[in-house]
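Visitor: Please build the complete structure, drawing on both the sequences and the hints.
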Amino acid sequence: MLKFILFRILQAIPVLLIVITVTFALVHAAPGGPFDSEKKVSPEILKNLNERYNLNAPVYEEYLDYLSSLLQGDLGPSFKYVNRSVTEMILTGLPSTLELGLYAIMIALMIGISAGLLAAVRPNTWIDYVCMSISMLGICLPSFLMGPLLVVVFGIWLEWLPVSGWGDSRWDWVLPSFTLGFAYAAYIARLTRGGMLEILSQDFIRTARAKGLSEARIVLKHALKGGLLPVVTFLGPAFAGLLSGSFIIETIFQIPGIGRLYVQAAFNRDYTMIMGTTIFFSVLIVVFNLLSDIIAATLNPRISYQAKQ
Amino acid sequence: MTVDSPLPLHQYQQGRSLWQDAISRLRQNRLAVFGFWVVTCFILIALFADLIAPYSYEEQNLDLGASPPSSAHWFGTDTLGRDLFTRILYGSRVSLLVSFLSTVVALTIGVLWGTVSGYFGGRLDMIMMRIVDILYALPFTIFIILLMVVFGRNIYLLFITIGAVEWLTMARIVRSQVMSIRNQEYIDAVISMGLSRPRIIFRHILPNILGPVIVYTTLTIPGIILLESFLSFLGLGVQPPMSSWGSLISSGVETMEEYPWLLVFPSLTLSLTLFSLNFLGDGLRDAIDPRSARE
Amino acid sequence: MVFIPSTLSRVSACSAIILLVVLLAGCNKTEPESNNKVISHQQILRVNNGLEPQDLDPHITTGIPEYYIQLSLFEGLVSKNPQTLEPVPAVAESWEISDDQTHYVFHIRKNLHWSNGEAITARDVVYSWKRLLMPKLASEYAYMLEAVVNARAFNKGEISDFTSVGIKALDDNTLEVTLNKPVPYFLQLLDHQSTYIVPQNIIESFGKIDDRGTAWTRPENIVSNGPFRLKEWTPNKVIVVERNPAYWDAAAVKLDEIHYYAVDNKQTEERMYRTGQIDMTLDGQILTDKIEVYQQQQPDHIHLTPFLGTYYYLFNTTRPPFDNVLVRRAFSMAIDRDSITKNVVKGGRKPATAFTAPGITGYTPRANIHFDPVMAKQLLAEAGYPDGKGFPAISILYNTHNTHRNVATTLQQMWKEILNVNVTLINQEWKVYLNSRETGDYDIARAGWLADFADPTSFLDMFESGNGNNHTGWSNPEYDHLITLANQTANQTERFELFQQAEQILIDESPVAPIYYEMSANLVNPRVKGIYPNALTYHPFKSVYLSDD
Chain S
1 MLKFILFRIL
11 QAIPVLLIVI
21 TVTFALVHAA
31 PGGPFDSEKK
41 VSPEILKNLN
51 ERYNLNAPVY
61 EEYLDYLSSL
71 LQGDLGPSFK
81 YVNRSVTEMI
91 LTGLPSTLEL
101 GLYAIMIALM
111 IGISAGLLAA
121 VRPNTWIDYV
131 CMSISMLGIC
141 LPSFLMGPLL
151 VVVFGIWLEW
161 LPVSGWGDSR
171 WDWVLPSFTL
181 GFAYAAYIAR
191 LTRGGMLEIL
201 SQDFIRTARA
211 KGLSEARIVL
221 KHALKGGLLP
231 VVTFLGPAFA
241 GLLSGSFIIE
251 TIFQIPGIGR
261 LYVQAAFNRD
271 YTMIMGTTIF
281 FSVLIVVFNL
291 LSDIIAATLN
301 PRISYQAKQ
Chain P
1 MTVDSPLPLH
11 QYQQGRSLWQ
21 DAISRLRQNR
31 LAVFGFWVVT
41 CFILIALFAD
51 LIAPYSYEEQ
61 NLDLGASPPS
71 SAHWFGTDTL
81 GRDLFTRILY
91 GSRVSLLVSF
101 LSTVVALTIG
111 VLWGTVSGYF
121 GGRLDMIMMR
131 IVDILYALPF
141 TIFIILLMVV
151 FGRNIYLLFI
161 TIGAVEWLTM
171 ARIVRSQVMS
181 IRNQEYIDAV
191 ISMGLSRPRI
201 IFRHILPNIL
211 GPVIVYTTLT
221 IPGIILLESF
231 LSFLGLGVQP
241 PMSSWGSLIS
251 SGVETMEEYP
261 WLLVFPSLTL
271 SLTLFSLNFL
281 GDGLRDAIDP
291 RSARE
Chain W
1 MVFIPSTLSR
11 VSACSAIILL
21 VVLLAGCNKT
31 EPESNNKVIS
41 HQQILRVNNG
51 LEPQDLDPHI
61 TTGIPEYYIQ
71 LSLFEGLVSK
81 NPQTLEPVPA
91 VAESWEISDD
101 QTHYVFHIRK
111 NLHWSNGEAI
121 TARDVVYSWK
131 RLLMPKLASE
141 YAYMLEAVVN
151 ARAFNKGEIS
161 DFTSVGIKAL
171 DDNTLEVTLN
181 KPVPYFLQLL
191 DHQSTYIVPQ
201 NIIESFGKID
211 DRGTAWTRPE
221 NIVSNGPFRL
231 KEWTPNKVIV
241 VERNPAYWDA
251 AAVKLDEIHY
261 YAVDNKQTEE
271 RMYRTGQIDM
281 TLDGQILTDK
291 IEVYQQQQPD
301 HIHLTPFLGT
311 YYYLFNTTRP
321 PFDNVLVRRA
331 FSMAIDRDSI
341 TKNVVKGGRK
351 PATAFTAPGI
361 TGYTPRANIH
371 FDPVMAKQLL
381 AEAGYPDGKG
391 FPAISILYNT
401 HNTHRNVATT
411 LQQMWKEILN
421 VNVTLINQEW
431 KVYLNSRETG
441 DYDIARAGWL
451 ADFADPTSFL
461 DMFESGNGNN
471 HTGWSNPEYD
481 HLITLANQTA
491 NQTERFELFQ
501 QAEQILIDES
511 PVAPIYYEMS
521 ANLVNPRVKG
531 IYPNALTYHP
541 FKSVYLSDD
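Residue numbers (this note's numbering), protein chains in the order written: chain S, 1 to 309; chain P, 1 to 295; chain W, 1 to 549.
One should not assume that every hint holds.
What the hints assert, rightly or not - 27 Å max Cα-Cα, derived DSS-like pairs, lysine-lysine:
{"no.": "1", "chain 1": "W", "residue 1": "377", "chain 2": "S", "residue 2": "39"}
{"no.": "2", "chain 1": "S", "residue 1": "211", "chain 2": "S", "residue 2": "225"}
{"no.": "3", "chain 1": "W", "residue 1": "80", "chain 2": "W", "residue 2": "130"}
{"no.": "4", "chain 1": "W", "residue 1": "80", "chain 2": "S", "residue 2": "39"}
{"no.": "5", "chain 1": "W", "residue 1": "346", "chain 2": "S", "residue 2": "39"}
What the hints assert, rightly or not - Here are some, though not all, of the chain S residues that point toward chain P, as calculated from beta-carbon distances under 10 Å:
{"no.": "6", "residue": "5"}
{"no.": "7", "residue": "15"}
{"no.": "8", "residue": "19"}
{"no.": "9", "residue": "144"}
{"no.": "10", "residue": "147"}
{"no.": "11", "residue": "187"}
{"no.": "12", "residue": "198"}
{"no.": "13", "residue": "222"}
{"no.": "14", "residue": "225"}
{"no.": "15", "residue": "226"}
{"no.": "16", "residue": "236"}
{"no.": "17", "residue": "240"}
{"no.": "18", "residue": "282"}
{"no.": "19", "residue": "285"}
If you're looking for bench data, these hints aren't it; they were derived computationally from the structure.
Keep in mind that this is a model prediction, so the values were computed, not measured.
Where a beta carbon is used, it is the ideal one built from N, C-alpha and C, also for glycine.
Guide: Written as C-alpha cells, this is what we have:
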C-alpha cells in the first residue's frame, strides 16, 4: 500500500513537468498578449513592460527562468494584479473556494446517495422515477441557470437569503453551495443507482437473500460498499473539477475564490497566473485521483495494487 | 424475468436471443418507450426544421422587439423580434448534432482507452492514466483559443474539442469497471480456455460494462449541449444569427425577469429532451442487463 | 474500513449530522456590520466598481475602476467641478498662464499634508511627474505630459537629466511648467490619474523610483493626499476607503467610508442593488433591458448620462472591397442608426452622425453621415456592384458580448436588405479580437472609443497616419496636416475650425462608420446626494453624502 502511494507520488513529477511545459507553450502561442488593450500601448512602453516581466528574452530562456524560480517555490508576480504575487492571489482565494467546494460536495453526497439508494432498492417504481427525476433536474438546469433561479426565488421574491457575497452574512453560503451541489448530486444519484443495481443482481446478494437477511441489511451492509465504486471513481476528478469549475458559481455569487482567478487569468493572458493556477489544479487532480484510486481499491478487493504494477 | 443464468459467460453464448430479449424488455418499459419517441421526434424536427418553422431564424422585426407568446408567435419573440419557436427548432439541429457526434468521439476514445488501460494494467495503465491526468490539468480556455488559431473556425473542430474533453472521465470510469471485471473468476476461466485478447475484451468484458457506460453517456449529454454555448463564446461553433439551445438558454437567463418566455421555452425543450434521453438510457441499461433486479 | 450503519434510519441520522455541521460551519461567519439604519447614521457609501483593480498606483493603472478609487485617494494640481467640468484648485491653490500658453506657474497650497502627516511641497509634484516619465516605469499614460519641454525625450530615454525637463520647483510652494507648444486643455490633464502626486518616502522605502508593482500601495503601507485613505483591500471582493483627516479640505468631506465592491456580473450587480446591498453602480453599463424596467418603475433610481464615447465600425481600407471609398460610404449610409438606438441598444443612446461625440464645449461636428438607403445603393452600384452583384464574401469581426452581437446581427440584416450583400459574423474572445484587429485580419470590425479628456483631439488624433490606435489602414496627408496644425494653434476658435475640416475629411472618406454615442447608465439610490451627470462620467465622492430627504 505505502509502496503504491509512493510510486504514484513519484509518477506525479513527470506529469507536473509535462503540464508545466505544455501550458507554458500554449500560453505563449495563444494570440494576444497580457498588455493588449483597446488603447494601444506605445512601442517604447511595451518594450519596457516586456523587459520588466522578462518577456524579451528568448522563450526557452524564459522557460528555464520560470522553472528555476518555481523550484524555489516562487510562482512569480501577477501580470494583471501588478502589486501581488501569484502565490498570494491563490492563497487569498483558496479558503473561499475550498469552503464552497466542501459544502457543495457534502450536499451532493447527501442528496445523491440517498436518492440513488432509494431508487436502486425499488427500481422501476414511482419512488425510482421521482428520485431520478429530481436528480435529473440538477443536470438539466445548468448552474448558470440554477443559480439565478434560486437567487430570484429565495433572494428576491421570498427575501430569505442574501443574493450574493461570501462570509458577509450568516446565510450567504446556502445558495451557492446548493447550486454547485445540485449538479453533482444528480451525477452521484445516477451513479449510485447504477452501481447498486449492478451489485444487487450479483450472486453473493442472492445468497444473502436466500439466507433471509433483511433487505436494509443487505443493501447497507453488503451492497453499498461495492455499489458506491462508480461514485468513488467519479468523486476524484469531480472534486478537483468542483474546485476549478466553481467559476460560474463564484461569478454569480461574487465569491472571491480561485475559480475566478483561473478563468480570468486565461482571458487576461496573465501568463504567470495561468501557470500558477494550472499547476495548483494539476496537483489537486493528481492528489484526488490518487485518493479515489486508493478508496476504490479499499472498497473493491478485486482491484489489487499488484495489478497496477 | 426468466433469464437467470448463474454465469455471465453463458449469456453471451446465446447472444442473439438475448438482444431480442433486450428489445422486448425495452418495449415493456413505458418511460423508455416514451423517451424513445420524444428523442425520435426531436431528431425529425432537427432534420426538417426548415419545413416546419413558421418564420426564418434570422428574420428580425425590430419594431416588435421582445413580445410575449401570441397566436402569431407561439413562444414569443426575442429582443430583436425573431420568432422564438423557429429559433428553438433550428437550435435543435446544432444541439443534437453536437451532442451526438461529440458523444461518439468521447465514447470511442474513452471506452477504448479505459478498456486497454484497465485490462492490461501495469506500466501501460500507468502511462495511459497519467496522460489522462495531464489532459485534465491543461487550461481548457487557452487550449481552445489556440486550437482555433491553428485549425480555424469549423464545426468539426467543435465536435472534436468537446469529445476530446469529455472522454477523460469516461476513460476513468471504464477503466475501473474493466479492472473489477478483469479480476473476476469467469475471465480467468475464459483466459484459460485460450481465447484471444480482442475476443475476451469484446465478447466478455465490454458487454458487462455497457450499463455504467450508457448511464454515464446520458449524463454527459447535457454538459455537452451547454459546453457548446461556452465554445460559441470563444468563437468556436455556431455563429449568430444561427441559434442553439445552449445559446438560447444562456441569453434567456440574462433577461429571465423581464422576458421570462425567452428562458422558459428553451429550458423546457432542453429538459424534455434530456429527461427522455435519460429514460431511454436507463431503459437500455436495464434491458441489456438481464440480471438487473426487477422484482 | 468504511463505517457502514446498519439501518436506513442511521443513514438519515448521519445525513442530519452532516447537515447540522454544514449549518454550524455557516453560522461561524461574522455577522454583517452594516444595516440600513447604521449606514444613514455613519455615512457609508457602498458602490459597485465592476472589477478588481489591477493596482492602486496612479502611474501604473489605466482602467476606469482603478481611476474611481484613485479619485478618492489622490489629488492632482487641479480638480474639476463635477457640474461644469471647469478646472478648480486642488493641490495648487492658484496658477498663472503666460499669454502664449506655454508657461504655467502653479502656487502649491500651504499646509498641505500626506495622510501620514508629512508635508507636501512643489518638490513632491516634480518627483511624481519624474516618476511618471521614468522610462523603466513604463507608464502607459506618460504621454499625458508629452507637451512639456523635453518630457518625451526623457521618457524615451534619450536624455537622462531630469533638470532639463520643463518641470521645476522654484520653492516649496511654486512650480513652473514649460510646454513645447500651447495646449489649451493642459489643465484638464492635471486631473488625470497619471499626473496625481505620489509620496516619495513611501515609494522609495519599497523599491526604486521606477519599480512597478511594489508593496507601497498595500493598505498597510499606502500614503495618499486625497479626501479618503485606504483602510482595507480584499482582492476580488471589496476595497474600503475612509475619511482622510489630513486632507486640506477635510471639512467638506461628508462620507465616513466608501466600500468599492468588485462585482463583475451585471445581473448580480443589479440584484445587489435591488436588495439594498449596494447604493450605486459606477461603470455606467447596467443591462439595457434593466434600463427600460427602471425607467418605467423607478425613474429616480437611474442616471442616464451621455458621455464622450463613440461606438463605431471600422473598415479595413488596405484590401478590397473596402479600399474603395464608395463601398465604405455605401455601407455606412445603409445603417439605420435610429432603428439601432431605438430598438437594439436602447437606454437613450443617440445615433452617431460624426466621430467626435457631443459634449465638448464649443465643438459640435459639422460633418454628418446619415441613413440614406437610396444613396447607399447608388454608391454601391457606382463602385461596380449594382444591387450587390459580384460583391465578395465579407465578415464582421466583434468581441463576444451581447450588445456587440445584437448590433452585428442587425447590421448584417440591414446590409442584406438594403445593399443585397451577404455578411457573415465572426466573434472572438477579447484578446484574440484585439490581435486580429491590430494585424488587419478583418473586413469590418466593431470598436468603441472613450475620450480621456474633453477635447476633439482626444477623438481625432487617432486617425493620423501611423497612430497606433488607427487600425483601419487609412491615411490622408491633408487630414494629418490639419491635425498637426490644430495641435499647434493656441486660439481655440481657429483650432476647432481646423478640427471641423479634419472631421469632414474623416466622414467623407469613411474609414469608420460611427453608429451611436455612448451613454452611461448607472443605478443610483436617491439617498445618494451630490452625484452630477457629466460628459466625462466624472464622479468624485468628495462632496457626496447620504440623506433620506
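Visitor: Would you mind marking each hint as holding or not holding in the structure?
Guide: Okay, the hints, checked on the actual structure:
Distance restraint check for residue 377(W) and residue 39(S): the Cα-Cα separation of roughly 34 Å exceeds the 27 Å cut-off, and the hinted pair is therefore not satisfied. A hinted pair counts as satisfied when its Cα atoms are at most 27 Å apart, and residue 211(S) with residue 225(S) qualifies at roughly 20 Å. Of the supplied pair hints, the one linking residue 80(W) and residue 130(W) holds, its CA atoms being roughly 23 Å apart against a limit of 27 Å. For the suggested pair residue 80(W) and residue 39(S), the alpha carbons sit about 24 Å apart, so the restraint of at most 27 Å is met.
Using a Cα cut-off of 27 Å, the hinted pair residue 346(W) and residue 39(S) holds, with the two alpha carbons roughly 26 Å apart. At about 14 Å, the closest approach between the beta carbon of residue 5(S) and any beta carbon in chain P exceeds 10 Å, and the interface hint on this residue is violated. For residue 15(S), the interface hint holds, the least distance from its beta-carbon to any beta-carbon of chain P being 5 Å, beneath 10 Å. Below 10 Å, beta-carbon pairs count as interface contacts, and residue 19(S) has one with chain P at about 5 Å; its hint therefore holds.
Taking 10 Å as the C-beta cut-off, the interface hint given for residue 144(S) holds, the closest approach to chain P being about 6 Å. A hinted interface residue such as residue 147(S) counts as satisfied when its beta carbon comes closer than 10 Å to some beta carbon of chain P; here the least separation is about 9 Å, so the hint holds. Annotation: interface hint on residue 187(S) holds; nearest CB of chain P at approximately 6 Å, less than 10 Å. A hinted interface residue such as residue 198(S) counts as satisfied when its beta carbon comes closer than 10 Å to some beta carbon of chain P; here the least separation is about 6 Å, so the hint holds.
Contact between residue 222(S) and chain P, as hinted, is not supported at the beta carbon level, the nearest pair being about 14 Å apart and thus beyond 10 Å. For residue 225(S), the suggested interface contact is broken, since its CB lies about 12 Å from the closest CB of chain P, more than 10 Å. Nearest Cβ of chain P to the Cβ of residue 226(S): about 8 Å, under the 10 Å cut. The hint holds. Below 10 Å, beta-carbon pairs count as interface contacts, and residue 236(S) has one with chain P at about 8 Å; its hint therefore holds.
With its C-beta approaching chain P no nearer than about 7 Å, residue 240(S) sits inside the 10 Å limit, and its interface hint holds. Look at residue 282(S): its Cβ gets to within about 4 Å of chain P, closer than 10 Å, so that hint holds up. With 10 Å as the threshold, the beta carbon of residue 285(S) comes within range of chain P, its nearest partner Cβ sitting at about 5 Å, so the hint holds.
Checked against the numbered hints listed earlier, the structure breaks hints 1, 6, 13 and 14; every other hint is satisfied.
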